[in-house]
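S.K.: Given the coordinates of chain A, assemble chain B onto it according to the supplied hints.
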Amino acid sequence: MEDNVNLVSVGLGEIKVSDDPGTVLVAYGLGSCLGLTAYDPVVRIGGLAHMVLPYPNGTAHSSPGRYVAEAVPALLNAMGESGSLGRRLQFKVAGGAQMFTFDGGNESLEIGRRNIEALREITSDLGMRINASDLGGNCGRTMKLQIATGLVIVSTAGSSEQSF
Amino acid sequence: MKKADLIKDYEGLARAGLENVAAAFSQMAGEEIAAVAPELRMVPLAEIPTLAGGPESVVTAIYLAVSGDLSGHITLVLDMDSAARLAWLLLGVGEGVTDQASDTTVSKGVPDMDPMMRSALEEVGNVVGSAFLNTVADGLRVSLRPSIPYLVVDMAGAVLSTVVSRAEYGSERIPLADAAFSSRQDSIKGFLFILPGSDAIRYLKTLTPGADDLGG
Chain A
114 MEDNVNLVSV GLGEIKVSDD PGTVLVAYGL GSCLGLTAYD PVVRIGGLAH
164 MVLPYPNGTA HSSPGRYVAE AVPALLNAMG ESGSLGRRLQ FKVAGGAQMF
214 TFDGGNESLE IGRRNIEALR EITSDLGMRI NASDLGGNCG RTMKLQIATG
264 LVIVSTAGSS EQSF
Chain B
300 MKKADLIKDY EGLARAGLEN VAAAFSQMAG EEIAAVAPEL RMVPLAEIPT
350 LAGGPESVVT AIYLAVSGDL SGHITLVLDM DSAARLAWLL LGVGEGVTDQ
400 ASDTTVSKGV PDMDPMMRSA LEEVGNVVGS AFLNTVADGL RVSLRPSIPY
450 LVVDMAGAVL STVVSRAEYG SERIPLADAA FSSRQDSIKG FLFILPGSDA
500 IRYLKTLTPG ADDLGG
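First to last, the sequence lines map onto chains A and B. Just remember that my numbering sits 113 ahead of the position in the first sequence, which is counted from 1. Just remember that my numbering sits 299 ahead of the position in the second sequence, which is counted from 1.
A couple of the hints might just be wrong.
What the hints assert, rightly or not - What follows is a set of in silico ranges between Cβ atoms, one per label pair, in the way DEER data are often shown:
| # | chain 1 | residue 1 | chain 2 | residue 2 | range |
| --- | --- | --- | --- | --- | --- |
| 1 | B | 346 | A | 132 | 23 to 33 Å |
| 2 | A | 261 | B | 367 | 49 to 59 Å |
| 3 | B | 447 | A | 242 | 37 to 47 Å |
| 4 | A | 230 | B | 338 | 16 to 26 Å |
| 5 | B | 467 | A | 243 | 18 to 28 Å |
| 6 | B | 343 | A | 170 | 38 to 48 Å |
The hints are simulated quantities; they were obtained by calculation from the structure and are not laboratory data. By construction, the Cβ of each residue, glycine as well, lies at the ideal position given by its N, Cα and C atoms.
Here chain A stands alone, though its shape is the one from the complex (with noise of 0.2 Å):
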């Protein structure tokens, strides 16, 4: 899949969206964070979010993807406006690790912990089905979407590749 795609680099508390089908959308070195993707199979449509905490803190940002709580529905807007329809969407998600152990450490740290529990929680409030996941674990991940097809391809360090 290499071949003539035009890779675009969605980073840290990023959302983008795309429907040309030479576009791969890829979120690299995913640790802690989050990557999200939706793809509506029919336009061939899909977005992918880079998200890096669970809650906004109530500062002031123009990340619309940093917050889990806020990239969700943020994604979904603007795949809605990018002309998919919301009940064909496929979501996939991958990501979450917990890079560093922390012997005895503090479970309110882990942020790639309480990242997933907040996605569980928002994709539950909003009845999204998450189609496919890679989650925790402790080791980074680079996400691609594939826009011409859905696949989204996770691979790791290790150089252990798969798609789904």
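M.R.: Just chain B now, kept in the frame of chain A:
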């Protein structure tokens, strides 16, 4: 501009800390390791994961959380070859020598690092982090303590974005003290990133009245 003032007020201290790191690093490695472009600067959060040779490059990173009067986050990032060389140097074994230390699989995928090497590199993180903290603690007359070092081998972007997440900043741009480190023949190369916690940023703001656009 007030915003520039805080950077200006503390860039000397940050640079002194990073130079101190170079001295401590050199002493450990037994050869001169220089700090390249040590500085304190405002950076967009989203940029930080890309600053250590690309987000997907596999690195050895040693992380220390700072506590005490102010919080912060110290991350030393070494490329895999540098990490191996540094560990061999510290353990007193030559490269390619068949023994416990060189028996590690650092070249394929995520290495299962030898415990001795791990321990040696964690100690590097400890020494390097303490060198910076001592300078800053003296300069600000505060008490700062490093946590035990946590070593991880993974994608640079995954490590650095996780460190940024842990700091839980509310703003888009934050002050970052960083430098590249390099020995004469480039045999050992690394990066050091120091992120002040939100409380530390607030504290520095109180010392520089009017500097209200400093993130955190």
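S.K.: So which of the earlier hints does this model not fit?
M.R.: Violated: hints 4 and 6.
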